[in-house]
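A.B. asks: What follows is each chain in one-letter form.
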Amino acid sequence: MLLLAVLRDLGPYAWFIVGALFLIAEVVLPGINLIWFGAAASATGLAALAWPPAFGSGLGWEGQMVAFIGFAAVSVIGARFLAARRFDDGADRVNRDLTAYVGRELVLAEPIVAGHGRAHWGDSLWRVTGPDLPAGERVRVVGVDGATLRVEPVHAVLGEARTA
Amino acid sequence: MFDLNLGINLYLIAAAILVFVVIVAAVKTVPQGMHYTVERFGRYTRTLRPGLSILTPFVERIGDKINMREQVLDVPSQEVITKDNATVTANGVTFFQVLDAAKAAYEVTDLEVAILNLTMTNIRSVMGSMDLDELLSNRDEINSRVLRVVDSAVDPWGVRITRIEIKDINPPPDLTAAMARQMKAEREKRALVLEADGARLAAIARAEGEKQSLILAAEGRREAALRDAEARERAAQAEANATTSVSEAIAKGSVQAINYFVADKYVGALRDLAAAPNQRTLILPVDAVATLGSLAGIAEIAREAFGPHPAGASPPTPPPPATDPWSDINARLSGVTRAAETAAAPQSAVPPAGPAREADAAATAAPQEGVRTDRFRRISEATEALAERLARHDLGGR
Chain F
1 MLLLAVLRDL GPYAWFIVGA LFLIAEVVLP GINLIWFGAA ASATGLAALA WPPAFGSGLG
61 WEGQMVAFIG FAAVSVIGAR FLAARRFDDG ADRVNRDLTA YVGRELVLAE PIVAGHGRAH
121 WGDSLWRVTG PDLPAGERVR VVGVDGATLR VEPVHAVLGE ARTA
Chain W
1 MFDLNLGINL YLIAAAILVF VVIVAAVKTV PQGMHYTVER FGRYTRTLRP GLSILTPFVE
61 RIGDKINMRE QVLDVPSQEV ITKDNATVTA NGVTFFQVLD AAKAAYEVTD LEVAILNLTM
121 TNIRSVMGSM DLDELLSNRD EINSRVLRVV DSAVDPWGVR ITRIEIKDIN PPPDLTAAMA
181 RQMKAEREKR ALVLEADGAR LAAIARAEGE KQSLILAAEG RREAALRDAE ARERAAQAEA
241 NATTSVSEAI AKGSVQAINY FVADKYVGAL RDLAAAPNQR TLILPVDAVA TLGSLAGIAE
301 IAREAFGPHP AGASPPTPPP PATDPWSDIN ARLSGVTRAA ETAAAPQSAV PPAGPAREAD
361 AAATAAPQEG VRTDRFRRIS EATEALAERL ARHDLGGR
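For the record, the sequence lines run as chains F and W. Counting along the first sequence from 1, when you hit position 157 you're at 157 in our numbering, and nothing is skipped either side. Counting along the second sequence from 1, when you hit position 312 you're at 312 in our numbering, and nothing is skipped either side.
The reader is advised that the hints may include incorrect statements.
[Stated by the list, open to error] Counterexamples of contact, computed for chain F against chain W with all Cβ distances above 12 Å:
| hint | residue |
| --- | --- |
| 1 | D132 |
| 2 | P134 |
| 3 | E137 |
| 4 | V142 |
| 5 | E152 |
| 6 | V154 |
| 7 | H155 |
[Said to hold, decoys possible] No more than 20 Å apart at the CA atoms, straight line, and that leaves these computed lysine to aspartate or glutamate pairs for EDC-like:
| hint | chain 1 | residue 1 | chain 2 | residue 2 |
| --- | --- | --- | --- | --- |
| 8 | W | K83 | W | E134 |
| 9 | W | K167 | W | E134 |
| 10 | W | K167 | W | D133 |
| 11 | W | K167 | F | D123 |
| 12 | W | K167 | W | D74 |
| 13 | W | K103 | F | D145 |
| 14 | W | K28 | W | E39 |
| 15 | W | K167 | W | E79 |
| 16 | W | K28 | F | E26 |
[Claimed, not checked] Covered, in the sense of this in silico footprint (three residues per stretch, anywhere, with C-beta under 8 Å from a C-beta of chain F), are these stretches of chain W:
| hint | segment |
| --- | --- |
| 17 | 6 to 14 |
| 18 | 19 to 32 |
| 19 | 97 to 107 |
| 20 | 143 to 151 |
| 21 | 156 to 168 |
In short, the hints are calculated from the structure, not lab data. Please read these numbers as outputs of a predicted model, since none were measured by experiment. Backbone N, C-alpha and C fix where the C-beta goes; we use that ideal spot for every residue, glycine too.
When you get a sec, could you build the whole thing from the sequences and use the hints?
C.D. replies: Right under this line is the structure:
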C-alpha cells in the first residue's frame with residue numbers, strides 16, 4: 001500500500017525512480033537480471049506521461065501496472081531475440097566442446113584396436129575412436145563424442161575428397 | 001463493487017510479482033567457462049552455453065552448473081607399499097577438464113571425489129608393481145601409466161584427464177639415510193679408483209722416465225768408453241810409433257842414448273818423490289839399492305862418451321887417468337854399483353878383490369878383509385852423499 005501511495009503521489013515519475021533503482025541493482029547485484037524491469041519501469045513512466053488526456057483521467061495505476069508487466073515481458077523476449085541475432089555469433093573460441101577441433105590432424109600414439117586408441121596432441125594423449133589403425137598413423141578428427149575424438153585415417157579422407 | 005475492485009487490484013499486484021519472479025527465474029546468464037544443465041520436470045534436456053538464455057517458465061530449471069575449465073586436484077599424501085616391501089609416501093596432482101557437462105553432471109556423483117579416489121588407487125597399484133629404485137627413477141613411467149588408466153576410467157563421465165604428476169616420493173627416513181650412504185660410498189669408490197689410477201699412471205710415467213734416463217746414461221757411457229778405447233788405441237799407436245822412431249834412432253845411433261834417458265828419468269822420479277810435500281822422510285826400499293845399479297848405465301854412457309871402448313863391452317875397462325874429473329865419478333859410481341851387488345849377494349859370495357878400480361876386473365879375485373872394509377866405507381860414503389842430495393832436494397822442495 002505504501003508503494004501504491006507513493007506511486008499515486010508522485011505520478012508517472014515514480015516509475016522513473018523505480019526504473020533507476022532497478023538499474024542500480026542490476027549493476028550492483030551479481031547474478032540477477034533486473035535490467036528488464038528497469039527498462040520496463042522507464043517505459044511505463046513514459047507511457048503514463050504520454051497517455052493522451054482525451055482518453056479519460058489519465059492512465060490509472062492498474063493500467064500502469066499492466067503496462068509494466070507487458071513491457072517487462074516484451075523487453076526480455078526482445079533482448080533474447082537480439083542476443084540470438086546479434087551477439088551469439090559463435091565467435092567465442094574458449095570452452096567450446098571438442099567440435100572446435102574437428103578437422104585437425106593427429107598422430108596415433110597407440111593403435112586403434114576394437115575402435116579405441118589414443119593420439120598425441122599438445123603434450124598429452126587423447127582418446128580416439130575410429131577404424132582399427134596401427135600406431136603412428138596420421139588421422140583427422142571428424143567428430144566428437146563426449147571427451148573422445150572420432151577420427152579417420154588421413155589417406156581415406158583424401159581418397160574420398162579425390163573421388164568426390 | 002468495492003470487493004471486486006479490491007480483488008482486481010490485488011490480482012494486479014500478484015501478477016506483477018509473478019512476472020518479476022518468473023523473469024528472474026527464466027532468464028539466465030551463463031558466465032564464460034561454465035555450462036548449465038537444464039532439466040525439464042527433473043529430466044535432463046539440454047545444456048546452456050555461456051551467454052543469455054531463457055528457460056521455459058515452470059517447466060525447465062537449472063540442474064547443475066559445471067565448470068568447463070581445466071581444474072587442478074591435489075592428490076593428498078598416501079602410504080604406498082612397493083614391490084620390494086618398502087613403504088613410501090607419495091602425493092601428486094591431477095589436471096582434468098570436463099568436456100561433456102551432462103555426463104559430468106549425471107553419470108557420476110561428486111566428480112572431484114571420484115577422480116581423486118580413482119587417481120589415488122591407481123597411483124597405489126602402479127607404484128605397488130614397481131621396486132623402490134624403479135619408483136624413484138621412473139616418474140614419467142608412473143605418470144603415464146596412471147594417466148592411461150584413470151583417463152580410460154573417466155571416459156564415461158565426459159571428463160578428460162590432461163595429466164597426472166607425482167610430486168613427491170618420500171621413502172622412510174632410515175631408507176633415505178641408507179640411500180645417501182650408498183650414494184656416498186659409490187662416489188668414494190669412484191674417487192678411490194680414480195686416485196689409484198692416477199697414482200698408477202704417475203708411477204708408470206716416472207719409471208718410464210727413469211728407464212729412459214738410465215738408457216741414455218748407459219749409452220753415454222758406452223759412447224765414452226768407445227771413444228776412450230779409441231783414444232787408448234790411438235795413444236798406443238802413437239807410443240808404438242814413438243818407440244819405432246826411438247828404435248830406429250837407436251839402431252842408427254848408440255844404445256847408450258836409452259840408458260841416458262832412463263837414468264835421467266829415474267833421478268827425476270827420485271827427486272819428485274823426495275819433493276812430495278807430504279813426504280818428510282824418504283825411506284828407500286831395499287830394492288832401491290839395487291835400482292841404484294841402474295846408475296851404472298850412466299857410467300857406461302860416460303865411459304862411452306869419454307872412453308875408447310866400444311859400447312856394450314861387458315868387461316870393465318880400466319879407469320881413465322885421474323886427471324879427468326869424470327873418471328873419478330865414474331869410478332865411484334861403479335864402486336857403488338858393485339858394492340850394492342855384493343851386498344845383495346850372500347856373504348859367502350865371492351868378495352870383490354882389490355880396490356874399487358880393479359873390482360870390475362877382479363871379480364873372481366880372492367876376498368880380502370881390507371878391501372871389504374874399504375868397500376863398505378865407500379858404500380856408506382856414497383849413500384851419505386845421496387842422502388845429502390836427497391835432503392837438499394827435500395829442503396828445496398819445501
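A.B. asks: With reference to the structure, classify each hint as holding or not holding.
C.D. replies: For each hint, the structure was consulted:
1. Distance check for D132 of chain F against chain W: the nearest CB is about 18 Å away, which clears 12 Å, and the non-interface claim stands.
2. With a cut of 12 Å on Cβ distances, P134 of chain F stays outside the contact zone with chain W, its closest approach being about 18 Å.
3. With a least CB separation of 19 Å from chain W, E137 of chain F remains clear of the 12 Å interface cut-off, as annotated.
4. In this structure V142 of chain F is separated from chain W by more than 12 Å, as the shortest Cβ-Cβ distance comes to about 17 Å.
5. Separation of E152 of chain F from chain W is adequate, the least Cβ-Cβ distance of about 20 Å exceeding the 12 Å criterion.
6. No beta-carbon of chain W is positioned within 12 Å of the beta-carbon of V154 of chain F; the least distance is around 23 Å.
7. No beta-carbon of chain W is positioned within 12 Å of the beta-carbon of H155 of chain F; the least distance is around 27 Å.
8. A threshold of 20 Å between alpha carbons decides the hint, and for K83 of chain W with E134 of chain W the separation of about 10 Å falls inside it, so the pair holds.
9. Using a Cα cut-off of 20 Å, the hinted pair K167 of chain W and E134 of chain W holds, with the two alpha carbons roughly 16 Å apart.
10. As the CA atoms of K167 of chain W and D133 of chain W are separated by approximately 16 Å, the hinted pair is consistent with the 20 Å bound.
11. Between K167 of chain W and D123 of chain F the CA atoms are separated by roughly 18 Å; this keeps the pair inside 20 Å, and the hint holds.
12. As the CA atoms of K167 of chain W and D74 of chain W are separated by approximately 10 Å, the hinted pair is consistent with the 20 Å bound.
13. Pair hint K103 of chain W plus D145 of chain F holds up; C-alpha atoms about 11 Å apart against a cutoff of 20 Å.
14. A hinted pair counts as satisfied when its Cα atoms are at most 20 Å apart, and K28 of chain W with E39 of chain W qualifies at roughly 14 Å.
15. This hinted pair checks out: K167 of chain W and E79 of chain W have alpha carbons roughly 14 Å apart, not beyond 20 Å.
16. With a CA separation close to 14 Å, the supplied pair K28 of chain W and E26 of chain F stays within the 20 Å bound.
17. Counting residues of the segment 6 to 14 of chain W whose C-beta lies closer than 8 Å to any C-beta of chain F gives 4; at least three are required, and the coverage claim holds.
18. Residues of the segment 19 to 32 of chain W with a Cβ under 8 Å from some Cβ of chain F number 8, which satisfies the need for three, so the listed coverage holds.
19. For the segment 97 to 107 of chain W, the stated coverage by chain F holds: 3 residues have a C-beta nearer than 8 Å to a C-beta of that chain, and at least 3 were required.
20. Counting residues of the segment 143 to 151 of chain W whose CB lies closer than 8 Å to any CB of chain F gives 3, which reaches the minimum of 3, so the coverage claim holds.
21. Residues of the segment 156 to 168 of chain W with a Cβ under 8 Å from some Cβ of chain F number 5, which satisfies the need for three, so the listed coverage holds.
Consistency note: the structure conflicts with none of the earlier hints.
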